[in-house]
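*Asks:* Sequence:
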Amino acid sequence: MTRVSSIFSQTLQLISRLEFESAVRKQGAERHARGFSCWGQFIAMLFCQLGNAKSLREICGGLAASEGKLRHLGLPQAPARATLAYANKHRPWQLYRTVFDQLLAKCQSLVASQPGTRKKKKFRFKNPLMSLDASVIDLCATMFDWAKFRLTKGAVKLHLLLDHDGYLPSFAVITEGKKHEVRVARQMRFTPGTILVFDRGYTDYEWFVSLIKQGVYFVTRLKENADYGVVEELTVPQRRGVLRDQVIFFYKLAQAGTDAYFRRIEFYDEERDRVLVFLTSHRELAAATIAAVYKERWQIELFFRALKQSLRVKTFVGTSAQALKTQLWTALIAMLLVKYLQLKSTFGWSLSNLVALLRQQLFVYRDLWVWIDNPFQPPPILETLPEQLALQLAK
Numbered sequence: 001m002t003r004v005s006s007i008f009s010q011t012l013q014l015i016s017r018l019e020f021e022s023a024v025r026k027q028g029a030e031r032h033a034r035g036f037s038c039w040g041q042f043i044a045m046l047f048c049q050l051g052n053a054k055s056l057r058e059i060c061g062g063l064a065a066s067e068g069k070l071r072h073l074g075l076p077q078a079p080a081r082a083t084l085a086y087a088n089k090h091r092p093w094q095l096y097r098t099v100f101d102q103l104l105a106k107c108q109s110l111v112a113s114q115p116g117t118r119k120k121k122k123f124r125f126k127n128p129l130m131s132l133d134a135s136v137i138d139l140c141a142t143m144f145d146w147a148k149f150r151l152t153k154g155a156v157k158l159h160l161l162l163d164h165d166g167y168l169p170s171f172a173v174i175t176e177g178k179k180h181e182v183r184v185a186r187q188m189r190f191t192p193g194t195i196l197v198f199d200r201g202y203t204d205y206e207w208f209v210s211l212i213k214q215g216v217y218f219v220t221r222l223k224e225n226a227d228y229g230v231v232e233e234l235t236v237p238q239r240r241g242v243l244r245d246q247v248i249f250f251y252k253l254a255q256a257g258t259d260a261y262f263r264r265i266e267f268y269d270e271e272r273d274r275v276l277v278f279l280t281s282h283r284e285l286a287a288a289t290i291a292a293v294y295k296e297r298w299q300i301e302l303f304f305r306a307l308k309q310s311l312r313v314k315t316f317v318g319t320s321a322q323a324l325k326t327q328l329w330t331a332l333i334a335m336l337l338v339k340y341l342q343l344k345s346t347f348g349w350s351l352s353n354l355v356a357l358l359r360q361q362l363f364v365y366r367d368l369w370v371w372i373d374n375p376f377q378p379p380p381i382l383e384t385l386p387e388q389l390a391l392q393l394a395k
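Once you know that position 271 of the sequence shown is 271 in the numbering used here, the rest is easy, because the numbers rise by one and skip nothing.
Where hints are given, some of them may not hold.
[To be verified] Think about it this way: if two alpha-carbon atoms lie no more than 30 Å apart in a straight line, the pair counts; the simulated DSSO-like pairs of lysine-lysine are:
(1) Lys-325 / Lys-89
(2) Lys-54 / Lys-325
(3) Lys-148 / Lys-344
(4) Lys-148 / Lys-314
(5) Lys-126 / Lys-314
(6) Lys-54 / Lys-148
(7) Lys-89 / Lys-344
No lab work stands behind these hints, which were simulated from the structure alone.
Generate the whole structure from the sequences, applying the supplied hints.
*Replies:* Put into structure tokens, the structure is as follows:
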């Protein structure tokens, strides 16, 4: 027989309560709290994500239905809908960004300390590989009047940097939907030697030059209307799909007095029977490797897909900017928790399957670490109540 807390409780133990309370004090988040703590708000919003609760009624009702199992979560009782709505509207969302950073450091430490948790290395180079992308989250313009995007449509934009070492979201920014991706990218700083992959939406020649000055390599697709000149034709390998490898410059930069050269690579995609044209600042990697690096950008698309399909980031339980950002940051925290479990597990979970089964097990009392390695094993016999407290239902 064994004594364990619920799966939800054990998952929450991955977050340091001391660090959480330190962040609360730093943000002054519990000023005028009136009994409902930030930890209680966090539990409720994390239940919204992992429990797939679609409204305040479902969040509070779902927690109330598990009233006897809340104490081990650090929640005295389920909050009222008005209490949770008020907290989401008035408490700073920056608290959950700090919690995200704390949990990210824990995940990165796991990836670094346990080589068995890393994905099989696909490339020989040792440079950090990062993908940068943004996803628009549509909103109702009448309900979210602060998030104007188009005439009859509202939106916010989630900008994300994905570290391919563990496929962890290492940086996130939430902006209004109208803000262009490049404006956010210009404010980012990257470790020298990083290979940054992004799509054509980030085309900005001056930003490309600034990346080169930072010692950062990039790989992207070249726009069809790009105005460039060819400096040198490089040798093309046979039977690798590479059609052309050139050193080029852009007339716009040359006219501004900027001396910068890039590689233009034409690659035949046999799977889809099309020619792709890549642009990179890396002069040493093979042209076929550049094509393979850009193909890896698909991982950030998969991450966004898992985030939107598995967690609550398309419908919101509050209409204020504070409430929306709180919900998005708790979704990213939930994703990091799931990623941590995925990295620790030997079962070979996909993110979507792990979230789906975890949702069904939240208030089940069994060992979390045994379950993630063997989810279909029958649960162990739990320790029973003392005999004097047991009901004699049959003789």
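*Asks:* Take the hints in turn and mark each one as holding or not.
*Replies:* Against the structure, the hints:
As the CA atoms of Lys-325 and Lys-89 are separated by approximately 10 Å, the hinted pair is consistent with the 30 Å bound. Proposed proximity of Lys-54 and Lys-325 is supported: the alpha carbons are some 16 Å apart, at most 30 Å. With a C-alpha separation of about 41 Å, the suggested pair Lys-148 and Lys-344 falls outside the 30 Å cut-off, and the hint is violated. A distance of roughly 16 Å separates the Cα atoms of Lys-148 and Lys-314; the hinted pair therefore holds under the 30 Å criterion.
Restraint check for Lys-126 and Lys-314: the C-alpha separation of about 37 Å exceeds 30 Å, so the hint is violated. For the given pair, Lys-54 sits about 23 Å from Lys-148 by alpha-carbon distance, which is consistent with the 30 Å threshold. Our distance criterion of 30 Å between C-alpha atoms is broken by Lys-89 and Lys-344, whose separation comes to about 35 Å.
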